[in-house]
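K.L.:
Protein chains in written order, with our numbering: chain A, 411 to 485; chain B, 195 to 478.
In short, the hints are calculated from the structure, not lab data. If you're wondering where the values come from, they're calculated on a predicted model, not measured in any experiment. It is possible that some hints are incorrect.
Stated by the list, open to error - Each computed DSS-like pair below joins lysine-lysine, with the alpha-carbon atoms no more than 30 Å apart:
| no. | chain 1 | residue 1 | chain 2 | residue 2 |
| --- | --- | --- | --- | --- |
| 1 | B | Lys280 | A | Lys458 |
| 2 | B | Lys253 | B | Lys285 |
| 3 | B | Lys355 | B | Lys253 |
| 4 | B | Lys355 | B | Lys255 |
| 5 | B | Lys285 | A | Lys458 |
| 6 | A | Lys458 | B | Lys253 |
| 7 | A | Lys485 | A | Lys424 |
| 8 | B | Lys253 | B | Lys280 |
| 9 | B | Lys255 | B | Lys285 |
| 10 | A | Lys458 | B | Lys355 |
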Amino acid sequence: MIIAETVNTVVIAKGLMIGGGFIGPAIGIGIIGGNYLSAVGRNPEASKFLGQALIFVAIVELFGLLAFASTFIVK
Amino acid sequence: MNLGFLVNFADTGPSVHIAPAHVLTIGGLTITNSILYGWISALVIIALFIWTARHITIKPKGGFIQIVEVGADFITNMVMGAFDDKQRARKYVPFFVTLFFFILFNNWLGLLPFVGDGLQSSHLPLFRPFTGDLNATLAIGVVTMIVVYVASIRESGGLRKYLGHFFMGSPFNPLYLLIGLLEMFTDLTRVLSLSLRLFLNIMIGEIVIAVFSFLGHILAPLSALPFTLLEMLVAALQAYIFTILATMYLAIVVNHASEHQLEHLTEDDVPETIDSRTSRKVIG
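Turn these sequences into a full structure, and let the hints guide you.
P.N.:
Written out as structure tokens, the structure is:
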């Protein structure tokens with residue numbers, strides 16, 4: 411392919427992987443944080459569930475990290 | 195221009211090592227830099243905590259001892275809160291407190307300046323954060339999940355009963371069989387998800403610090419400082435998350451098992467006016 415010879419496709423692939431892989435967790439963490447804050451705003455006693463919100467942040471974050479780790483496979 | 199280890203790699207780009215480097219060979223076994231630093235940090239942690247245990251007093255004196263007390267109290271409350279049966283929870287508290295402090299101090303010791311490219315042997319870093327190596331976090335994850343599985347099997351009263359819970363008690367129903375097999379597979383991925391999360395968080399922290407100390411050039415300590423502070427927070431958060439997830443995996447099974455023990459009681463044993471929460475206190 412001519413495109414593959416002239417354009418450094420690896421860099422584009424890595425950029426797409428990181429961009430696409432991080433957009434999901436970013437939205438997810440935003441939703442978790444926003445919902446936590448709105449819950450606290452509605453009911454201030456809900457602030458004790460911060461630890462559980464952080465667990466979900468960690469679960470969501472893992473998928474972004476997996477996308478990051480797989481960029482090292484692309485050669 | 196060469197100002198020591200700070201700008202050693204300024205010409206070649208940020209020095210990022212994904213895999214641990216081989217440092218020395220003992221009797222045919224390859225010793226990598228991460229396991230070397232893991233031994234050192236394990237010795238440091240053991241010495242520190244033996245010293246803390248010897249010097250701990252009823253009236254807090256402050257300093258490092260009090261930090262350990264706060265952390266141990268925090269994890270103890272977290273574990274006790276996760277279990278319904280407090281007597282059973284007490285048995286597992288030491289393991290989870292140890293796990294938390296081991297991961298926390300390994301993460302923090304990995305942020306010291308001489309870890310990484312500071313000290314080198316034949317152009318490869320001599321030390322590497324122990325938790326920044328997949329083999330290390332996989333070992334921690336496997337040991338944790340073995341403890342969780344063994345404790346779950348013991349608490350639910352035998353391997354047969356433990357496996358029966360996956361199939362909701364009837365493995366001959368085709369739908370329950372399928373769900374049970376899927377559940378068992380999901381259970382096995384916990385080892386990977388625990389260890390990958392810890393490894394990737396610490397690894398990415400290392401990469402971010404490497405990139406920003408490269409961008410900072412001569413002011414590398416200044417440009418990398420905010421990210422090092424961020425990584426200190428991430429290190430504590432990841433240690434907490436690892437511990438709480440392991441606790442949850444165990445607590446789900448143990449709470450289920452302690453509910454089953456209440457099932458042996460017939461309706462007549464419990465007065466109708468007492469709800470299940472108070473009846474548990476009466477029985478327990």
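K.L.:
Going straight from one Cα to the other, do lysine 255 of chain B and lysine 285 of chain B come out at no more than 30 Å?
P.N.:
The given pair, whose Cα atoms are some 28 Å apart, holds under the 30 Å limit.
K.L.:
Is lysine 458 of chain A within 30 Å of lysine 355 of chain B, Cα to Cα?
P.N.:
Violated: lysine 458 of chain A and lysine 355 of chain B sit about 35 Å apart, past 30 Å.
K.L.:
Given the proposed pairing of lysine 253 of chain B with lysine 280 of chain B, does the C-alpha separation stay at or below 30 Å?
P.N.:
holds (26 Å)
K.L.:
Tell me if the straight-line CA distance from lysine 285 of chain B to lysine 458 of chain A falls inside 30 Å.
P.N.:
holds (25 Å)
K.L.:
Would you mind confirming whether the straight-line C-alpha gap from lysine 355 of chain B to lysine 253 of chain B stays at or under 30 Å?
P.N.:
violated (46 Å)
K.L.:
Can you confirm whether the C-alpha distance between lysine 280 of chain B and lysine 458 of chain A stays at or below 30 Å?
P.N.:
holds (21 Å)
K.L.:
Lysine 253 of chain B and lysine 285 of chain B were given as a pair; does the straight-line alpha-carbon distance stay at or below 30 Å?
P.N.:
holds (25 Å)
K.L.:
Can you confirm whether the C-alpha distance between lysine 458 of chain A and lysine 253 of chain B stays at or below 30 Å?
P.N.:
holds (28 Å)
K.L.:
So if I understand the rule, the pair passes when the alpha-carbon distance is 30 Å or less; does lysine 485 of chain A with lysine 424 of chain A pass?
P.N.:
Distance ~9 Å between lysine 485 of chain A and lysine 424 of chain A Cα, so the pair holds.
K.L.:
Hinted pair, alpha-carbon criterion (30 Å max): lysine 355 of chain B, lysine 255 of chain B. Please report holds or violated.
P.N.:
violated (48 Å)
In terms of the numbered hints stated before, the structure departs from hints 3, 4, 10, listed from lowest to highest.
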